[in-house]
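Asks: The lines below spell out each chain.
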Amino acid sequence: EVQLLESGGGLVQSGGSLRLSCAASGFPVITYPMTWVRQAPGKGLEWVSAINDAGSDTYYSGSVRGRFTISKDTSGVYLHMDKMRVDDAAIYYCLKGGWGSRFDIWGRGTLVAVSS
Amino acid sequence: QAVVTQEPSLTVSPGGTVTLTCGSSTGAVTAGHFPYWFQQKPGQAPRTLLHDASGTFSWTPARFSGSLLGGKAALTLSGAQPDDEAEYYCLLAYGANWVFGGGTRLTVL
Chain U
1 EVQLLESGGG LVQSGGSLRL SCAASGFPVI TYPMTWVRQA PGKGLEWVSA INDAGSDTYY
61 SGSVRGRFTI SKDTSGVYLH MDKMRVDDAA IYYCLKGGWG SRFDIWGRGT LVAVSS
Chain E
1 QAVVTQEPSL TVSPGGTVTL TCGSSTGAVT AGHFPYWFQQ KPGQAPRTLL HDASGTFSWT
61 PARFSGSLLG GKAALTLSGA QPDDEAEYYC LLAYGANWVF GGGTRLTVL
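Protein sequence lines, in the order shown, are assigned to chains U and E.
Sequential numbering from 1 applies to the first sequence in the working numbering.
Sequential numbering from 1 applies to the second sequence in the working numbering.
Simulated from the structure, these hints should not be mistaken for laboratory data.
Heads up, a few of these hints could be off.
Said to hold, decoys possible - Looking from chain E toward chain U, a few residues come up when the C-beta cut is under 10 Å (computed):
no.: 1; residue: Q1
no.: 2; residue: G32
no.: 3; residue: Y36
no.: 4; residue: A45
no.: 5; residue: T48
no.: 6; residue: F57
no.: 7; residue: P61
no.: 8; residue: F64
no.: 9; residue: E87
no.: 10; residue: L91
no.: 11; residue: A93
no.: 12; residue: W98
no.: 13; residue: F100
Stated by the list, open to error - Computed cross-link-like contacts, BS3-like style, restricted to lysine-lysine with a CA-CA straight-line distance of at most 25 Å:
no.: 14; chain 1: U; residue 1: K43; chain 2: U; residue 2: K83
no.: 15; chain 1: E; residue 1: K41; chain 2: U; residue 2: K43
no.: 16; chain 1: E; residue 1: K41; chain 2: E; residue 2: K72
no.: 17; chain 1: E; residue 1: K72; chain 2: U; residue 2: K43
Idealized CB from N, CA, C, for every residue including glycine.
Make the full structure from the sequences, and use the hints.
Replies: Structural data, given as structure tokens:
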């Protein structure tokens with residue numbers, strides 16, 4: 001069974017850093033593109049970042065470019081968040097898929113809170 | 001950045017039919033936007049319903065269908081059930097990036 005399990009969320013101060021992990025099981029993560037999506041409290045979904053199957057190409061939304069870094073290895077996909085802002089507070093979801101592969105399976109999400 | 005528009009809310013009667021739409025600020029939504037539809041119930045992670053405007057997954061209930069209609073992507077629910085009450089989001093591709101719509105809150109009442 002394909003599963004994604006996010007971890008690493010928590011409370012961080014504005015300007016601080018946090019690293020999210022998404023453990024993948026049931027499929028070879030290194031052969032699929034992967035995506036991070038976030039949802040601020042009471043708000044809609046926002047596409048954040050994606051990485052291609054080989055891990056060689058990365059993509060970012062304008063709101064996080066230059067501050068967030070996506071990466072992957074054989075175990076999963078990661079999101080390193082620097083210079084965090086209050087408006088980065090959200091549930092962060094890992095999503096299997098992207099360019100060249102359908103978006104299909106979602107993780108349950110990990111909650112990130114940012115204090116000012 | 002492009003803006004993807006959805007109806008903020010819609011209501012459908014049990015057993016009824018409703019169509020949700022997804023528009024783009026840049027013009028007509030086409031197959032090249034690779035439209036997706038997601039369903040999210042309160043307190044849960046989203047679930048992917050449709051891909052490429054009308055493609056389904058093994059878990060997609062048959063009462064959900066998708067299309068490109070009048071320059072928009074459309075999600076049609078035929079035979080609504082109380083369990084279909086949820087927030088529905090569309091997603092469109094713009095070059096290398098993707099943009100979600102603001103979501104449609106569907107009430108079955």
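Asks: All hints, please: hold or fail.
Replies: Cross-check of the supplied hints:
Hint status for E:Q1 relative to chain U: holds, with the closest Cβ pair at about 6 Å, below 10 Å. Of the supplied interface hints, the one on E:G32 is violated, with its beta-carbon coming no nearer than about 13 Å to a beta-carbon of chain U, more than 10 Å. Taking 10 Å as the C-beta cut-off, the interface hint given for E:Y36 holds, the closest approach to chain U being about 6 Å. The beta carbon of E:A45 is positioned within 10 Å of a beta carbon in chain U (closest approach about 5 Å), and the interface hint is therefore held.
At a threshold of 10 Å, the smallest CB-CB gap from E:T48 to chain U is about 5 Å, leaving the interface hint in force. The criterion of a C-beta within 10 Å of any C-beta in chain U is met by E:F57, whose closest approach is roughly 6 Å, and the hint holds. Because the smallest distance between the Cβ of E:P61 and any Cβ of chain U comes to about 16 Å, over 10 Å, the interface hint for this residue is violated. Residue-level restraint check for E:F64 is violated (minimum Cβ-Cβ distance to chain U is 15 Å; threshold 10 Å).
Interface hint at E:E87: satisfied, since its Cβ lies 8 Å from the closest Cβ of chain U, which is below the 10 Å cut-off. Given hint, E:L91 at the interface with chain U, holds; its Cβ is 7 Å from that chain's nearest Cβ, closer than 10 Å. A distance limit of 10 Å between C-beta atoms decides the matter here; for E:A93 the minimum to chain U is near 8 Å, and the interface restraint holds. Checking E:W98 against chain U by beta carbon gives a least distance of about 4 Å; that is within 10 Å, so the hint holds.
With its C-beta approaching chain U no nearer than about 4 Å, E:F100 sits inside the 10 Å limit, and its interface hint holds. Restraint check: the Cα-Cα separation between U:K43 and U:K83 comes to about 22 Å, which is no more than 25 Å; the hinted pair holds. Of the pairs offered as hints, the one joining E:K41 and U:K43 holds, with about 13 Å between alpha carbons and a cut-off of 25 Å not exceeded. The straight-line distance between the Cα atoms of E:K41 and E:K72 is roughly 24 Å, inside the 25 Å bound, and the hint therefore holds.
Pair hint E:K72 plus U:K43 holds up; C-alpha atoms about 23 Å apart against a cutoff of 25 Å.
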